[in-house]
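Numbering of the sequence shown is given in the working numbering, commencing with residue 679 and proceeding in unit increments.
Don't read these hints as lab results, they were simulated from the structure.
Keep in mind that this is a model prediction, so the values were computed, not measured.
All C-beta atoms, glycine included, are put in the ideal place defined by N, C-alpha and C.
A few of these clues could be false.
As the list claims (entries may be wrong) - Listed next, with one range per pair, are the computed distances between beta-carbon atoms:
id, residue 1, residue 2, range
1, Val915, Glu962, 42 to 48 Å
2, Asp872, Ile699, 40 to 46 Å
3, Asp872, Glu963, 19 to 25 Å
4, Asn973, Val915, 34 to 40 Å
5, Met724, Ala912, 33 to 39 Å
6, Gln925, Asp707, 33 to 39 Å
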Amino acid sequence: MARRQREKTATGIYHVMLRGINKQDVFLDDNDFDSMLSALREARVMRYEDLGITKTDGCTYYAYCMLHNHIHLLVREGSITISELMKKIQDRFVAIYNRKYDRVGHLFQDRFVSEPVNDLNYFHQLIRYIHRNPVKAMECNAPEEYKYSSWREYLDAKNWIIKGSDPLIIHLCDVQTVIARFGYEELVKWVNEDVDDKCMDMDSFAQPMPEMEVWERLHEISGVDSVEEFKQLAPDVQVKYISQLLQSGASLRQASRMSSLSYKALWNRLNPEEYAAELARKKEERKKRRTKMDNQGV
Numbered sequence: 679m680a681r682r683q684r685e686k687t688a689t690g691i692y693h694v695m696l697r698g699i700n701k702q703d704v705f706l707d708d709n710d711f712d713s714m715l716s717a718l719r720e721a722r723v724m725r726y727e728d729l730g731i732t733k734t735d736g737c738t739y740y741a742y743c744m745l746h747n748h749i750h751l752l753v754r755e756g757s758i759t760i761s762e763l764m765k766k767i768q769d770r771f772v773a774i775y776n777r778k779y780d781r782v783g784h785l786f787q788d789r790f791v792s793e794p795v796n797d798l799n800y801f802h803q804l805i806r807y808i809h810r811n812p813v814k815a816m817e818c819n820a821p822e823e824y825k826y827s828s829w830r831e832y833l834d835a836k837n838w839i840i841k842g843s844d845p846l847i848i849h850l851c852d853v854q855t856v857i858a859r860f861g862y863e864e865l866v867k868w869v870n871e872d873v874d875d876k877c878m879d880m881d882s883f884a885q886p887m888p889e890m891e892v893w894e895r896l897h898e899i900s901g902v903d904s905v906e907e908f909k910q911l912a913p914d915v916q917v918k919y920i921s922q923l924l925q926s927g928a929s930l931r932q933a934s935r936m937s938s939l940s941y942k943a944l945w946n947r948l949n950p951e952e953y954a955a956e957l958a959r960k961k962e963e964r965k966k967r968r969t970k971m972d973n974q975g976v
């Protein structure tokens, strides 16, 4: 099957996702996350040897988030295309990673996924979606608790302003442009708002089932005559039918639009063992943090 041509953007801004091959974890320890940050920094640096100068004009990052098996970027093309940029990032990181773990071969899924960002409202939505991704993945309880996203860069912006330093030198993202559009306090409030934003997500790595086909299949499975009627069913009944719908090729995001249950609630119900294990792990981590604070007299 021929690859679908990548959709271009009029603004030069893209939401990009890169995932480990076979959905495997890529970032296994803190050093792996740091290596990716190094690759992101290096990818935006362009060296013009004929002129004897170096510029950070390869691209502009507005947001990033790295989870264990994938990464989100909100990025604007610079002197190179988005495809060239992602190749530089992958080549740099994979070289470090393969050397560290004494491995060969591909690390990331063959082709990164991207969507154009041509609308300011959607740009704002992605700022929140990307920074809340660790919360959605139950890696933390709030965006500021997660180490490997750009949100801490935004929270530190006041210190940069006071000190008069250049955040582009200290950190990765152009936070000043985003803050100028929102206002600092408004941005913090926006990102902390718990909203189930509808953005390109992990389901986008698979070719989605056409929306009309999703509804037709759900109608066949459940026997209901409308989406509203389906939403009136008991939650457990909805989950039973949605489980069958997913086996037909629909994505969980598509299924959530047919249900009265949110994406996160559906995932929790469809994956009870993983959900329980994750809750137990988080509970144990919070217990350890409380014990450590008590021992330090905090």
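Cross-check of the supplied hints:
Checked against the hint of 42 to 48 Å, the pair Val915 and Glu962 fails, with Cβ atoms roughly 34 Å apart. Distance hint for Asp872 and Ile699: a CB-CB separation of about 32 Å, inconsistent with the stated range 40 to 46 Å. Between Asp872 and Glu963, the C-beta spacing of about 21 Å keeps the proposed range 19 to 25 Å intact. At roughly 49 Å, the beta-carbon separation of Asn973 and Val915 lies outside the given 34 to 40 Å, and the hint is violated.
The hinted window of 33 to 39 Å between Met724 and Ala912 is violated, with their beta carbons roughly 58 Å apart. Range check, Gln925 to Asp707: Cβ separation about 35 Å, and the 33 to 39 Å hint holds.
Consistency with the previously given hints fails for numbers 1, 2, 4 and 5, ordered from lowest to highest.
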